[in-house]
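2 protein chains.
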Amino acid sequence: MPGIKDVAERAGLSIATVSRALSGKGNVSPRSRERARTAAAELGFVASYQASSLASGRNHNVGLVVPSIHRWFFSSVVEGVSATLLDAGYDLTLYNVSEGRERRHSVLNDFLLRKRVDAVIAVSLELSEAEIDQLLAIHRPIVGIGGPLPGASTIRIDDSGIAEAAARHLIQLGHSKIAHMTGDAAYEQDFRLPGTRQAGFKKAMRDAGLAVRPEWQVSADFTIQGAYANARKLLGSSPERPTAVFAASDEMAIGVILAARDFGLRVPQDLSVIGIDGHELGEVFGLTTFDQDARGQGALAVRRLLERFDGAGDTAAAHTEYPTHFVIRNSTAVPPVDQGRLRG
Amino acid sequence: MPGIKDVAERAGLSIATVSRALSGKGNVSPRSRERARTAAAELGFVASYQASSLASGRNHNVGLVVPSIHRWFFSSVVEGVSATLLDAGYDLTLYNVSEGRERRHSVLNDFLLRKRVDAVIAVSLELSEAEIDQLLAIHRPIVGIGGPLPGASTIRIDDSGIAEAAARHLIQLGHSKIAHMTGDAAYEQDFRLPGTRQAGFKKAMRDAGLAVRPEWQVSADFTIQGAYANARKLLGSSPERPTAVFAASDEMAIGVILAARDFGLRVPQDLSVIGIDGHELGEVFGLTTFDQDARGQGALAVRRLLERFDGAGDTAAAHTEYPTHFVIRNSTAVPPVDQGRLRG
DNA sequence: CGCAGCTTTGGAAGCGCTTGCAACTGTGAG
DNA sequence: CTCACAGTTGCAAGCGCTTCCAAAGCTGCG
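Respectively, the protein sequence lines represent chains G and R.
According to this note's numbering, the stretch in the first sequence is residues 707 to 1050, in order.
According to this note's numbering, the stretch in the second sequence is residues 707 to 1050, in order.
Any given hint could be a false lead.
[As the list claims (entries may be wrong)] Here are the in silico distance ranges between beta carbons for each label pair:
#: 1; chain 1: R; residue 1: Q923; chain 2: G; residue 2: G867; range: 47 to 57 Å
#: 2; chain 1: G; residue 1: H1031; chain 2: R; residue 2: A747; range: 21 to 31 Å
#: 3; chain 1: R; residue 1: A905; chain 2: G; residue 2: H1031; range: 36 to 46 Å
#: 4; chain 1: G; residue 1: P920; chain 2: R; residue 2: G992; range: 27 to 37 Å
#: 5; chain 1: R; residue 1: D890; chain 2: G; residue 2: D890; range: 34 to 44 Å
Note that these hints are calculated values from the structure, not bench results.
All residues carry an ideal CB built from backbone N, CA and C; glycine is no exception.
Sequences and hints are given; from them, build the entire structure.
Structure below.
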């Protein structure tokens, strides 16, 4: 395995010059640069990351902390982060902390702190102040996606705003009996997102003078299967059925649609369903949704960091509201004619 | 940020002793060990990975190369690998090479070769001999999951065997008009998996004396939406319809089920569907499938590597066939009574 | 009481790079 | 023709650990 020394010998240059030539930093004559490059290529030399990290303090490695890898949002963010990082020549160290607080704790302490990553991207993870301080203390930029992260830069969509708009869309179609499927308490703890979206929903309802019926506020774990199970309860047991469901994620909206089909309810004729995400499956189900480009959010987070590394960016924590797009397909329509009213 | 020197001073020991005490290697008196630990804890000391890697040659980091992060199989493997690695105190460097050969090439060359990872886990990736040689040349163990990897250890399920068993299950139920949804050519190139499963299917058909009709051999990209689109063509256009579909993955099987529903076909009364995977969504759709524990495969791959690191394992490439379980739910049943035959 | 043989300890030499510094080269202006 | 200066280059000092080695401290047995 060739070292820089071998390259230097072969190129007839000093180690220092080779280092500068290959890294592009410092002044090197075109001639030397060319020689160094050729020699390196011929030997198949690749600089040892540990050595160069140790010497330079830069790792070319960013840590990505996600609460799960199975939810659409998270895997999409990972994809965006990964692609952008790879393009820039950075490694991605993935920390999947799905298994609870304990793992999360050990990740933060034993892994991130080991001076191993240049920066941290935390997705939908609410850290305690102490945890953030720890992270900030090691002098590494942090950017948070999809969750509040006091003291760090964040990228978020306007959760309450689009939730409100989603609900308003249903209301404007004429719905008044609207259910909301929100996220589980387990998620609330970390992400606070369920609450935010729910708040937007409630605001829209209140503004329209509509009642938020507690029995129509259901929750699930953000998965299709979880939402499916609970939507069956919602649609099967209520003496009166909602005419529309606003789900806090596309996966949950799909679960609702599947449950509706089980009961012979047609979407959108009998039941309107709206989600949030822009999941690839939305097309199959004709799902009306707010498209939040999760990949793009991941990519943006990385670009932000790269700017910082280049020294261009300012150190101040910046908060970006990532734009979303309303995608109307055919899972939402005017409510069915009220049977009771017809009869009366 | 405290260094080992600070710990040594505080503990009243030499740097060498502290290093031994904290790493657990070499003889250190219980007293010194205790002192070193306390001092390290008080200072919040964590050894720099780059420094210790440089000095020891061990990185405590394994590279995981996946072709995508969105397919069920891959994200499940990532999950299993991640959890097991984290438990063992290792970092996971993720290389998502979804964007084609070029990216793959650069990952192999510029990233993995940088002496940064202690081992490589390649999922469903077929590497050229040259690429494998390169990997083996840097003296790092490689284990492949779900794909052939000549020269490296592999973990695979019996693809052709379970495909054969799946087809046989349909045949034994009485089906003779069986379609097969296989993977795209794009996947074939790297994974060879579509072909292997297809071979199993064909063998079962041949053994039963049944014809493999080319127009019922369809393919998709392993996604629900891709399979859905092509299943619509299959079920909609054929003059004669198959009574059963064997899909090479659960996600594709689900796509088939959704397409069937669009045509008013009941599963399993009108159409039997069987998949392979053990996808979480299988339950929602009552999908009969072969459960391959993808998480478990990831975990096993890591355990294999850890054994090697501990020096216990032998260097020889080992091939493990990972067990699968047949899960019968209610997407498969006897074929519908043949209308033509009734009339005749 | 002495010594072999063990455990425990610290000194110091790296691991393979980056980079500050000083020396050296070549250029154009004076 | 000389001098100042910018562009190049190499030397050598680290980066923060691990680990070899030799020295020191113990133990127990003859």
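Comparing the hints with the structure gives:
no.: 1; hint: R/Q923 - G/G867: 47 to 57 Å; verdict: 49 Å, holds
no.: 2; hint: G/H1031 - R/A747: 21 to 31 Å; verdict: 50 Å, violated
no.: 3; hint: R/A905 - G/H1031: 36 to 46 Å; verdict: 44 Å, holds
no.: 4; hint: G/P920 - R/G992: 27 to 37 Å; verdict: 32 Å, holds
no.: 5; hint: R/D890 - G/D890: 34 to 44 Å; verdict: 36 Å, holds
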